[in-house]
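Residue numbers (the numbering used here), protein chains in the order written: chain U, 1488 to 1849; chain B, 94 to 567.
Fair warning: there could be bad hints in the mix.
[To be verified] Heads up, simulated PhoX-like pairs for lysine-lysine below, C-alpha to C-alpha not over 20 angstroms straight-line:
1. Lys1682(U) - Lys1718(U)
2. Lys1583(U) - Lys1718(U)
3. Lys281(B) - Lys1495(U)
4. Lys1523(U) - Lys1770(U)
5. Lys1493(U) - Lys281(B)
6. Lys1493(U) - Lys1580(U)
7. Lys402(B) - Lys456(B)
8. Lys1496(U) - Lys448(B)
9. Lys1811(U) - Lys1798(U)
[As the list claims (entries may be wrong)] Away from chain U, derived, C-beta distances all over 10 angstroms, residues of chain B:
10. Val194
11. Asp248
12. Pro272
13. Tyr305
14. Ala431
15. Ala438
16. Met462
17. Ile463
18. Val549
Because the hints were derived from the structure by calculation, they are not lab data. Beta carbons are placed, not taken as given, at the ideal position from N, Cα and C, and that holds for glycine.
Chain by chain, the residues:
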Amino acid sequence: METDVKTKKYSVLYVTGVLLLALGTLAVLDAKGFNKWAEDIKIGKTDNKEAAAPNQGQSTEVPSGDRGIGVFYALTNPWAQASESLGLGGLHKSMKTAFRDFAGAPPVSTWFFLPDLNALGKIAQAERDIALEKQLKTPAGEVIYSKEKPLRVLMIGDSMAGLYTAQVFFSTMKNQPAIEPHLLQKVSSTLSEPKYFDWPVEIVRAFAEKTYDVVFILLGSNDAQSIRTPKGYVNFGTPEWLTEYSDRTHKFLNSILSHVKRAYWVAVPPMTPTLPGYRDRMKSLNQILDGICASHENLRFIPVADILGDKNQNYSTTLPVDGKVQVVRMTDGIHLEYWGAVLLMRRMIDNLAVDFPSAVKK
Amino acid sequence: MLFPTVEFALFFIVVFAGNWLLLAYETPRKIFLTVASYFFYGFFNWAFLPLLLAVTLANYGFGRLIGWANHPQGRSWSLFIAVFFNLGVLAFFKYFNFLTVTGNQVLMGFGLPQVFTPLPFDILPIGISFFIFQALSYVVDVYRRQIPASKSLLDLMVYKAFFPQLVAGPIVRAADFLPQLHTTPDPKRIELTKATILILSGLFKKVIIANYLATAIVDKVFQNPTAYSAPEVWLAVYAYAVQIFCDFSAYTDIAIGVALLLGYRFPINFNNPYRADSIQDFWRRWHISLSTWLRDYLYIPLGGNRKGKVRTYLNLSVTMLLGGLWHGASWNFVIWGALHGLGLAVERFLYGVFKIKDTLKPKWVKVLMIVFTFHFVCFGWIFFRAGNSFETALQMLGGLFGPWNAAPLITPLVLSLVALGIWMHFWPSRWSDRVHETFDRMPLALKGAVAGFILVLISAMTPEGVMPFIYFKF
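With these hints in hand, go ahead and build the complete structure from the sequences.
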């Protein structure tokens, strides 16, 4: 849009008027968005949100440890409430919904390819088969794992389970004769958006094809996003989101734990400070996942900030590994480099050594 | 501080007010602009403020030294020290870890122990390549006597740190900017229409087109190309071409718009690059401030086209190869630069052999050349986007000829954004003129309301979170 077209020149006062009107229009029609931004501003935080929002009654965000309200929130909240009660945010909301519907429209390929109408029926059948098999199984006692009878370990996840993590997973397990490694990985997959890759369905499909003893779950890095529900989208950070996400995750975990002896949910590593919003969301998500995992038997949440972070458990590009400083994170500040994957794998093996000592070669 | 954020809007309101209120007080106004620019830069990472200050002070000193020295040898030595210092800073912060990791890999290849230790912290200051190139152009221009050395340290501090262009360009030359600091901006001649349209279109390109394409297809496919079908890989390549254009040109559009509102002019940086009908034409339209920098400070000093055909081809290749390396410490950037260098050399050779003149191309040849140039550029983008992983680049190339399966990533949204991103290159300029004229004719209240409504529209369409601009890391 860079152009050399000759246009009129204006005075500062005129320009100020236009700018104020433009920002004013935005502030009126998107007061809620402005208020949401103010929630995250850390200036002048107090511990009590209700003190500044006495009429609100309920908190609208996921507890994340370092919360409270600040000056900006206190200033923008009455504005947002007034705008909401006058219905001024309606235009923004309807535009958002319309665009989201367009953005979430089915792929073009469905115009040409028939959807797999039998998929649901096949999955239901697979679930019945597994349930039947489980009933016939004798309860597992203390098992000694060996090369002949290996511990079958499945690692599942998004891109955090791919790239170097996947490579190091298999190379590490080569040195563990009593462990049989398997991988189910889909880049950018998430429990928040099953349309792209439906983990609850895919995991049932995986268990229908093969039995596993242990599952490592490396999901979450794409989960802190809005979730589509039958009633519309719920935004990350709201109680509705927390309810929906917890519900999905519990069901997913129940499904996994009904098929394996033990599962481990590996935390999302600390993220780069150059993506502060994403970093904070991942921190909150880890806390949520820790809470969810705590309510399941045979499931352990594995924190990793102590091994993949600096001494304050914050993001670090390099870390000492075996006495040498190594690059542990990729340049995107998100994924693990080779040595980061090595550190992660050691933590995973340590957990296996505690729960399945006969399977792990020291 | 990213442009499309509330933080920047608030920051800009303060800077806009301060800049014009202090109009009658030149020195306080320049101090104010410098402090504001340092605050803007420090917002990303306070730790690198001393670096920016040190580079400014050093180059002020170098400029004075070169300007002061009368003896040619003294001037040459002063320039050499200045260039060595600036390139040293760039090499240390940008290439140190790349060199240590590469060195260790070579040693590992020979079965030797790794002896190089990378620095234990994230060391790439945002926008370092831009402000170092800007510093280099300043000292070289002083050496060539194209501009006098700045006597005012404050002027140089404003020039080096001026926030709209600090972290991702355009690479504004001292010759273009310092004279603007010697005159007071006219408070009655602000180019509001041009600035508003640049800022709004920049926001739309970045927040909607670039961000959605990144999350909906580009990042997914480039992370794991083997997991996707051939149509998805093809579209991901086109989508990245659109994404990087919209991302980078958006930054410079907003930077130029913001500077205009403060009474300063920056040179244009993009001119419909995918409309280019040759690789040379592409580089006249893409990141113009970098390509002209490379031409003036690298290609011409190397001899340009004055030393015979073979030497010209070699100079082109070397210039583009180093231009590739400027983008990052990765072999993929080197390959990308080498591809363009080779492309330029071969193109120049063929134009010479077949005596092709730009103006004499028939229309159908021109169309074919545009399509070919676009695909050549897209081919280069595969290496560029693959960043540190050559394997990913190869997987992408393999994926282009992979199975032609169903493609869940090809959604109406992705298709329309890619189409829009390419189509905008071919809009007749009269459309753009008409938009400007229409906005000019609106009364004040309507101008504000229309701009506000577009901001609401962009806000409603914004995906979760704000991604940094791609060129921040260069």
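Hints and how they fare:
{"no.": "1", "hint": "Lys1682(U) - Lys1718(U)", "result": "16 angstroms, holds"}
{"no.": "2", "hint": "Lys1583(U) - Lys1718(U)", "result": "15 angstroms, holds"}
{"no.": "3", "hint": "Lys281(B) - Lys1495(U)", "result": "10 angstroms, holds"}
{"no.": "4", "hint": "Lys1523(U) - Lys1770(U)", "result": "18 angstroms, holds"}
{"no.": "5", "hint": "Lys1493(U) - Lys281(B)", "result": "16 angstroms, holds"}
{"no.": "6", "hint": "Lys1493(U) - Lys1580(U)", "result": "37 angstroms, violated"}
{"no.": "7", "hint": "Lys402(B) - Lys456(B)", "result": "29 angstroms, violated"}
{"no.": "8", "hint": "Lys1496(U) - Lys448(B)", "result": "46 angstroms, violated"}
{"no.": "9", "hint": "Lys1811(U) - Lys1798(U)", "result": "16 angstroms, holds"}
{"no.": "10", "hint": "Val194", "result": "6 angstroms, violated"}
{"no.": "11", "hint": "Asp248", "result": "23 angstroms, holds"}
{"no.": "12", "hint": "Pro272", "result": "19 angstroms, holds"}
{"no.": "13", "hint": "Tyr305", "result": "7 angstroms, violated"}
{"no.": "14", "hint": "Ala431", "result": "21 angstroms, holds"}
{"no.": "15", "hint": "Ala438", "result": "29 angstroms, holds"}
{"no.": "16", "hint": "Met462", "result": "23 angstroms, holds"}
{"no.": "17", "hint": "Ile463", "result": "19 angstroms, holds"}
{"no.": "18", "hint": "Val549", "result": "5 angstroms, violated"}
The structure shown violates the earlier hints numbered 6, 7, 8, 10, 13, 18.
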